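J.: These are the residues of each chain, in order.
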Amino acid sequence: MAIATIMLVDDEVPFVEAMTKRLTRRDLEVDQAFSGDEALKKLTDGTKTEVVILDVKMPGMDGIEALKAIKTKVPLVEVIMLTGHATVESAIEGMKLGAFDYLLKPCDMDHLIAKVTEAASRKRQQEEKIINARIKEITARLA
Amino acid sequence: MNQKPKSLSPYYRSLTRNMVLLVMIISLAPMVIVTAIILNQFSASYHEKVFDHLEELVLKHKQNIDGFLEEKLQNIRFLADNIDFGQLELNGIIGKHFARLQNVYGTVFVDLGIINEQGDQIAYAGPFKLGKARYADADWFKKAIESRYFTSDVFLGLRGTPHFIITVRKTWQGQKYIIRATIDFVSFNRLVENVRIGETGFAYILNREGRFQTKPIFDFTPTLDIYTRYFSSLERMAKDVEIEERLDGAGVKSLYVSALLKDGDWLLVYKQASRDAFSDLGNAQLIAIVFFVLGGIVIVALAISMSAKMVRRISTSDREKEIMNQQVIETGKLASVGELAAGIAHEINNPVAIMVEEAGWLQDLMEDGAFKSEEDIKEFERALNQIRTQGRRCKAITHKLLSFARKTDSRIEDFEIGPLIEEVVSLSAQRAKYSNVELVTHLEPKLPAISASHSELQQVFLNLINNALDAMDKTGGSLEVNARQEEGNIIIDVADNGPGIPKANLARIFDPFFTTKPVGSGTGLGLSICYGIIHKMGGEIVVKSAVDVGTTFQIRIPVKTDEPEASDAQIQSDAIN
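Line by line, the protein sequences are chains P and F. Quick note, in the UniProt record's numbering, the first sequence goes up one by one and the last residue is 143. Quick note, in the UniProt record's numbering, the second sequence goes up one by one and the last residue is 577.
Don't read these hints as lab results, they were simulated from the structure. It should be emphasised that the depicted structure is a prediction, and the values quoted were computed from it without experimental measurement. The C-beta atom is built at its ideal place from N, Cα and C for all residues, glycine as well. A hint or two may mislead.
What the hints assert, rightly or not - Examples of chain P residues lying across from chain F (beta carbon under 7 angstroms, computed):
{"id": "1", "residue": "Glu12"}
{"id": "2", "residue": "Pro14"}
{"id": "3", "residue": "Arg22"}
{"id": "4", "residue": "Arg25"}
{"id": "5", "residue": "Pro59"}
{"id": "6", "residue": "Gly60"}
{"id": "7", "residue": "Gly84"}
{"id": "8", "residue": "Lys105"}
{"id": "9", "residue": "Pro106"}
{"id": "10", "residue": "Met109"}
Same shape as in the complex, but just chain F:
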């Protein structure tokens, strides 16, 4: 069909909408669920992987740094054991040892000194002029003199640059001495600086006061209470490493991996922005979302175009069905017209016969040549009147037939049903007379107008009356057609007192091609067509029948309503009742 796509009726539009929604839900829902599950699983396992990786990394570096510190301490201990405090030339010995240290370990050791119990440096080797420095008031000295080994926090000290020192206490002749070595801050810092992943991952070390022990790559001020919490939680827990994800000072979600260093004095913290740490995950999610969106667009487009195509197909087939229905109605009408025509031909025959006989009588009179007398002229007039009367009768009959045999017009019009019923009844009156059936109508006056096809409704009543007359053909009886108004409907009863319909047939009488008449006498379409016509106009047709009592067909046709409020009020009052 090369029809232009025209705008569809609301029914088809809502059909299209429902189909589109259904297809979209059915195809998108599994996609959404599967994607969500996979993304969730992937994200969980990826988080686990990243956490494991970072834990291991931080643990390794914790061990590295601890190892570094331990190694340096061992170096100095070894050195301390080899220093002979009996010799006065301590400076020379220290210098020799220092040279050896630098020889073996490079510039990790910046300088080396010996301090007595009073805090005076009695020997020194190194690039600074600290030979006679006094450390009696320095914090580190107070702690160093208390314990055998000590590693200080990073501080500026006398030289004014950040550094930290390792000390070993040694007792000689009742006097306590401290051998002190300064560790190169730069090389220590490098240990931590090397911990770098991605764009934002870096590490730093804090002491218990929250001061940096290394120089972090990014400048920021650590929040003390958070780190205090790390210290305490790491000490409490058996774990070596703790991972937390939280917002940093700048409001960026970040991963914090922390571990204790130097027997719990220092905290090694590795920090990386979550976005950076999970960048691969982010990429995977982005790709998934892009595919999801593209797939969704394709599905939606397909759903819309396919539904539109299907609905168009449905509407075409509906239209074809409508044409078919029309043809069936036309066929049924032909059948009933044929039936009617047989009766009517006979009906016309009677007046024609009378006219012929009257004309013949006139001819007889003329042949006698005796139409001069008064009596003859009266006879002439009477015969001519009779011919005219019978001619009119013929005309009335043929008009009735013609009005019915017009091509079925399924246009919906507003009309009153009373005259229509009268017309059909008068058409069948003659047949009823010969079948000895008393045909009566009881029509309520002033029935409201209905909206229907005039000729289709004519056919319904003709079919019902014909069926009733057929049923009572042999026996005679009475056929009543009643019409009344009832709650916004017009109820029409076509009731006969004929032989009735057996129960077995009652359920099937509206089926197409169901007939009890002998082959060739009925199409079996009559009642099926009535059913179709009445239902098409929103009405109802029901049958009640009892064998030997009679059959009643009841038709309910909704009244044409001008004001819908009126019918609403009707419904409401029904509900109250």
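Excised from the complex, chain P in its bound form:
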């Protein structure tokens, strides 16, 4: 089984493609989106994406807006902000809005994998907790 299922969101197509190859090679399942809108659409259509790696600066809907939308529509999906140095402030702002962490471009592959693994496990924990809570609720009702 793959380490995690992720989605790369960036307007730079060559970047997304190179990253996809490298991450796939490292046992990650990678989905691609080239704008905030596309990412949102794919997420709400129901994918098994656990972690979104989201570029901050994009034409049209930028990273922060996309993050807000993701957190509203699919709150359990973890988001890692990917940023150039010039937009560190907005990445930090993203953290306040509920992003898991932020990474600087160009990013170190091992560091990225570690972060994604962490994020994915947290997502799974959260899901587990929710399932447990539901089970408790159901059993409580039965009792």
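Chain F: place on chain P using the hints.
T.: Frame of chain P; chain F shown alone:
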């Protein structure tokens, strides 16, 4: 500043000239007016004084001479009353009387005689041998026998020397007798000769025929008609003395003071050259003129030296201002470069990230050791190509930045504006893309060259485009840059459809340090610097804006003209239209 005084530009030369003229007019005009008024007043009052003085002098002498004549006549009348014609020894009596006269009055009386009705001198006392002289045909006798008292004009008579006589008529036993006394011409002449003032002032007496009754000091021939006029005007007028200033026979302006003598028979004339009479006035005027000229020279010298000094000071401060302006432009440029750099750093980050990932991918492949297959080698080539492409992208971006970040060069060059606008637009393209702004240019082909500083103009467009992008950062929109030629000018519009500028701010946007951005985000110098740069090159920048519709900055830059006639013709045709 220890700069050598260098030749000033025409602007400063005309400034100097205007200042010199102004200072000279302001300081010389009151001086001229005051001097003229004072001189005029002084001259008028001095003329009056001189006229009064001469009038009085002539009047006094008229009275003197009249008195002298009257006195002599009285003497003879007194004598006549004392002569007893009954006595035959008239000669003896006359001699006695004559001796007594000479005793009392000196040699004023030259001789004394008695003449009967027939004109024969019947008695005589005096130095001449005129005992039996006959005067029946003499003019004076004819007049003397007609009136009781008579004073003759000066004539030569029998003795051949100039003299005049006083006669008193007396009737005795039905016979008329004339007692005649001759007045010494020299002593009478002395009365008039004494009237002397200055170098040229002298007096003389004329009779109605214009003949001299005294011997004038200066030899000249009197003009008869003028003196006839004096006679008539003095008789007409109540005044005793008349003064006239006119040219004399020799063409010298002279004063003529005249008075009637001897019941209007004689004319006493005092003549003096005006220059002499008013010599004090002349001196005063000369001194005034000398002072005026000296003062004028000092004023002119001061005006010139002070103006030169002031203008030099002005030109120095203008130069300093120019340096300051340059520094402000430099500062503004730093600000816009900083803004630009943030965007560009991000732009470079993207290709760098791609290169890193591609290189990492190659490394991954190598670690697998599987690059022997055809497929792997293709993948290798593709990755390397991608790295090269992205590397070039980095290079292009850094070059754009470098070309702009060079030190501001305010040298004026001739260049076309199209490529410059394209360059600035491409620099901002990435930022526009992220702000979701559609950035388009419509440049008329073959725009003529303009004369300006390349880097300063770059800054103008960068500022305008940056401002527009800032305004539309949140909303997105479109930004159009249009350039066209219009009547010897190039018109460039930078038009956005952003939020617009509120009316209250519109009037102030070109003011230095006016900004609507939060503290620390903008200097407020951008538009002020644009305004300065455009105006320096003789152009114009205006703004039209409506809230929620958009903002248009319009720049007009004059085209560089090689032939000034062409632009003249342009203006003419404009006038006709």
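J.: Hints first: check each against the structure and report whether it holds.
T.: Checked hints:
Interface restraint check for glutamate 12 (chain P): the shortest CB-CB distance to chain F comes to about 5 angstroms, inside 7 angstroms, so the restraint holds. For proline 14 (chain P), the shortest C-beta to C-beta distance to chain F is roughly 5 angstroms, which falls under 7 angstroms, so the interface hint holds. Interface restraint check: arginine 22 (chain P) against chain F, minimum CB-CB distance 5 angstroms, threshold 7 angstroms, status holds. Because the smallest distance between the Cβ of arginine 25 (chain P) and any Cβ of chain F comes to about 6 angstroms, under 7 angstroms, the interface hint for this residue holds.
Interface hint status for proline 59 (chain P): upheld, as the beta-carbon distance to the closest one in chain F is roughly 5 angstroms, under 7 angstroms. Interface hint status for glycine 60 (chain P): upheld, as the beta-carbon distance to the closest one in chain F is roughly 6 angstroms, under 7 angstroms. The beta carbon of glycine 84 (chain P) is positioned within 7 angstroms of a beta carbon in chain F (closest approach about 4 angstroms), and the interface hint is therefore held. The interface hint given for lysine 105 (chain P) holds, since its Cβ lies 4 angstroms from the closest Cβ of chain F, which is under the 7 angstroms cut-off.
At about 4 angstroms, the closest approach between the beta carbon of proline 106 (chain P) and any beta carbon in chain F falls short of 7 angstroms, and the interface hint on this residue holds. Of the supplied interface hints, the one on methionine 109 (chain P) holds, with its beta-carbon coming within about 6 angstroms of a beta-carbon of chain F, less than 7 angstroms.
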